[in-house]
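Taking the hints into account, I'd like the entire structure generated from these sequences.
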Amino acid sequence: MKQVAVLVFLVVLLAGLGFGQQTITIGFTESKTGALNVDSTEQYRGFELWKDQVNAAGGFKAGGKSYKVQFASYDDESNSKRVQQLYSRLILQDKADFLFSPYSSPLTATAAVVTEQYGKIMLTSGAAEGKTYTLGNHYLFQMFAPAPEYLKVSLDALKTKDPKATIAFVYEDSSFSVAVVTPAKAYAQQLGLNVVFTEAYAPATTDFSAIIDKVIASKATVLLGGGHYADGSTLARQLYGHKVPLKMLTLLVAPDSPQWAELGDAAVGVSVPSQWAPQSTFKSQYGPSGAEFAKAYQAKYNTPPSYESAGGYACGLILQRAIEQAGTIDSAKVADALNATDITSFYGRTKFATAANEHGLQAGHSMILAQWQKDKSGKLVKEVVWPLAAKSANLQYPIH
Amino acid sequence: MMILRHPFFYIILLIAAVFIYFPVHGDNVSLREDLILVAVAIILASNLNLMIGYTGYVNFGHIVFYGLGGYVGIYLVSVHNWRLVPAALVAGVAVSLCALLFGLLILRLRGAYFALATIGILQAVQAFVSNFGPWERSTGMYLPMTAYQPLGGATRALWITYYLIIGVMALSMMLSLAIKNSKFGLGLFAIREDEDAAVVLGVNATVYKAIVYSVSAFLPAVAGALMFYKNAMIDPSIAFEFMLSLEGIVMLMLGGQGAVMGAALGAGLYERLRSYLLTSPTLSNFHLVIAGGLLLLVVLFSPGGLIGWFYRLVPSARKVIE
Amino acid sequence: MSGVLASMIDGLLVGAVYGLAAMGLSLIWGVMDVINLTHGSMIALGMFAMYILFGAIATNAYVLLLPVIIIGLLLGIAVYWMSVHRVVGRPMLMSLLSTFAVNMMVIGIGTAIWSTSPYNVNFSLPGITLGEYTFTGNHIAAAVAALLISLALQWFLYHTRTGKAIRAVADNRDAAELMGISSTAVLTIAFGIGIALAMTSGALVSTLFPFTILSGATYQLKSFVVTILAGLGKPFGALIAGVLLGLLEGVVTPFIAVSWIPLIEFGLFVIVLVAFPAGIFGKRAAA
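Residue numbers (the numbering used here), protein chains in the order written: chain A, 41 to 440; chain B, 4 to 325; chain C, 13 to 299.
Mixed in with the good hints there might be a few duds.
[Claimed, not checked] Just so you have them, the derived chain B footprint on chain C, three or more residues with Cβ under 8 Å:
no.: 1; segment: 51-61
no.: 2; segment: 106-115
no.: 3; segment: 258-272
[Unchecked claim] DEER-style ranges, computed between Cβ atoms:
no.: 4; chain 1: B; residue 1: Arg111; chain 2: C; residue 2: Ile64; range: 41 to 51 Å
no.: 5; chain 1: B; residue 1: Val88; chain 2: A; residue 2: Pro427; range: 49 to 59 Å
no.: 6; chain 1: B; residue 1: Thr149; chain 2: C; residue 2: Ala269; range: 46 to 56 Å
no.: 7; chain 1: A; residue 1: Asp92; chain 2: C; residue 2: Met13; range: 29 to 39 Å
no.: 8; chain 1: A; residue 1: Thr200; chain 2: B; residue 2: Thr149; range: 40 to 50 Å
no.: 9; chain 1: C; residue 1: Phe288; chain 2: B; residue 2: Asn31; range: 51 to 61 Å
no.: 10; chain 1: B; residue 1: Gly205; chain 2: C; residue 2: Ala90; range: 43 to 53 Å
no.: 11; chain 1: A; residue 1: Gly404; chain 2: B; residue 2: Thr149; range: 48 to 58 Å
no.: 12; chain 1: B; residue 1: Val88; chain 2: A; residue 2: Gly103; range: 20 to 30 Å
no.: 13; chain 1: B; residue 1: Val88; chain 2: A; residue 2: Gly404; range: 53 to 63 Å
no.: 14; chain 1: C; residue 1: Val263; chain 2: A; residue 2: Gly404; range: 46 to 56 Å
no.: 15; chain 1: C; residue 1: Val263; chain 2: A; residue 2: Val236; range: 18 to 28 Å
no.: 16; chain 1: A; residue 1: Ala433; chain 2: C; residue 2: Leu137; range: 31 to 41 Å
Note that these hints are calculated values from the structure, not bench results.
Computed from a prediction, not measured in an experiment: that's the story for all the values here.
Each residue gets a CB set at the ideal place from its N, CA and C atoms; glycine is no exception.
Rendered as structure tokens:
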């Protein structure tokens, strides 16, 4: 009889442990189609790698319960109108506990409206524009370093290499690029650099001939700008096709993707401000190291991770830690835990601004500058070239 | 008032009541989100009907009124801290005046040339707004969260906006009904049938056209101000979507142009079809194919739309369902 | 070479393609009084046709124009019978809507097959460099091809029997039928040629930049602007008007931000519609 009782007790205990298993639902939209497809997929893979690792370990523990992660997601078609409808749906029908952002600043700004209206926490990645956080929010948390940081790395590098260079800013007329270039221009002038041409192009532009002719006429030797993958890659191709004599070309976002190598000769020498690179050597206080992350990502997706993927993974990681710290999935308590976060992971330092007029803005993370160079065998590789303390290769200047 | 003698007036009130009752009854926010899209589609289709169905002038660019209304509304609320209702009303008036100006320019054109001119106006306005600094060019404008405080916070504000949109929807249908049964409406029908003959018979076509074009802009502009307030953001690509303009025409043709119920029916059905198709994983790419196919069938075989077919079936319905 | 001159040359090159695209629209409009709203999606299909052909047969992309023209003719005939035949002669709204319906269907099917992610045709001809400015080989080839095709069309319309029949039906359909010309056959062929022209212009620009099934929309709008500028009846007038439009873009862009160009073009469009009933070159058909 005693054995039966013990058996029953064990069965009940195991069942009880089993019932302690909860699932949290994380909602987001992906740009499976549309112009943002390439960058969004990389971000999604970051999310997915984190989720798969958590679930493979049996979930993570918080407040005596064990949580597995499931995703609810839709295709936003790179379109902000769809984002609003879909985030409402994720919250109201799919009952998402937490949200991740879509990819890109304008889509994230749209999603933020919905998540704030319903009082749900959203961690944003792939969105560096800062204005969203100044509109008075309680539950937004930005993983990326904000836009004004982006081109500082290029300008700092340029100042040491060639202070007499003539600079052209050619960029996408949309919230992210504008948020990057406007402070960058002021910073350039502050550094005493010579800005000779500035022009924004409409977001859906595919033919840059007119603007390129103007760049040539302005005698610029450095071009900074771009926007996202579609326009950035086209701009680079066309600049190369028009044989524009640039000594330095920094484009936003696009060159960070491994797909950039497809451009062949047009890709050589192009630099990109980056939120993270596999060569970054942060001492990780929580979660995997940089090398472990890169290795796991490469094994799963057969391609090295870009900074969009790192940002995506970091969203999951930081959320997980906050839930563990809070001991519950209650939004208000998790938000408190996020507000108190100040930690270094493989991704770098993460700390969120907490003042009401800039809540959620990323305050701890800094940028690096990466550049595509040909290695000894002639293959295209991406190296970290700035800041000098973090570099893995020297900045190639001039690029042609 | 003559309009009170029409049974359809009460049908409009009933429809509005249904739209309000069901979401409120279960505090069903998800249903409200679905229905608000239907209501906006009905507003756009009904007002478009005034130009296409009544006057016979095909307006391909009518979404420009909605978008401009949204811009004026968001600008007044976010930059000048106006309250929602005055902002929406001013948006309506301002855009109607713009419509009057555009109308003066293009209403002398006939048929397809008028249609093309309306496309030109839509694209020109979008290009202008994309360059207009005070409205933040291509980046667009965002409402701070504090904009919802005067209405008691985001949750309450969204409900209030919903009631206002339903009100605008009812007004759109009543406007259509009133014009249809008025002397002004008769003049419009005469213009549609044969403009030159109408002029000879004493209809001041120039004035009539200008008035109806301007009037057809008012309620869509108000709706635009309300909807973009709800969405808390606006930019040129979502404010002036050409496809939305064209879908308005599809809705009208589907339901039956000329009839008030036709506009509402077509809008309601099309919007539900579109929502269903867009969130269905297998069918989301086919919404355009199905919509296009439906339109083709209607144009080729039943130009009177669903309502036209219904009237043929039950001729006495014409007096009740207008 | 000055910046303005380089810009003008770029504008000329791109304008030739605008002209070719508009010729298709103008021909159909002039012959059967139908405004073909499938025009944009047909241009996009031309881009994808080139993509598929180039993927299958790795040769000089411009040689592949010939199969594209043939595909265009066949597709045009199919579209004509599906949506235009029944509504020719009825109020113009009907044909506007029926062609628009087909447009929606093509875009829907195109999105289902190719999604809205950008595609590229990676083929480059060497360019010509004058001073600091380089004119890419693809732009030059596109302009040359557009010119050659336009000349071919002109020859066809004025020196072949079918061409004459098309012009006759455009002038006066009833009189042509009395003369024994089968107007249905003529309309079918004319529509086919119109679509072929649209697809060819799409194929020409496919090598210039990444495209999706939605990329035809910009060219459709430019085609409207060009057609209105040129007036109807003389397709070659559309080519010239297209080149002028491109030239206008080229002249204006060095002096103002590129983003103002659409406003100028559409403003011009509305003004020409209102102020010049007959267009600049041809006649305006009865509305």
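Which numbered conditions among the earlier hints are violated in the structure presented, ordered from lowest to highest?
1, 6, 7, 11, 12 and 13
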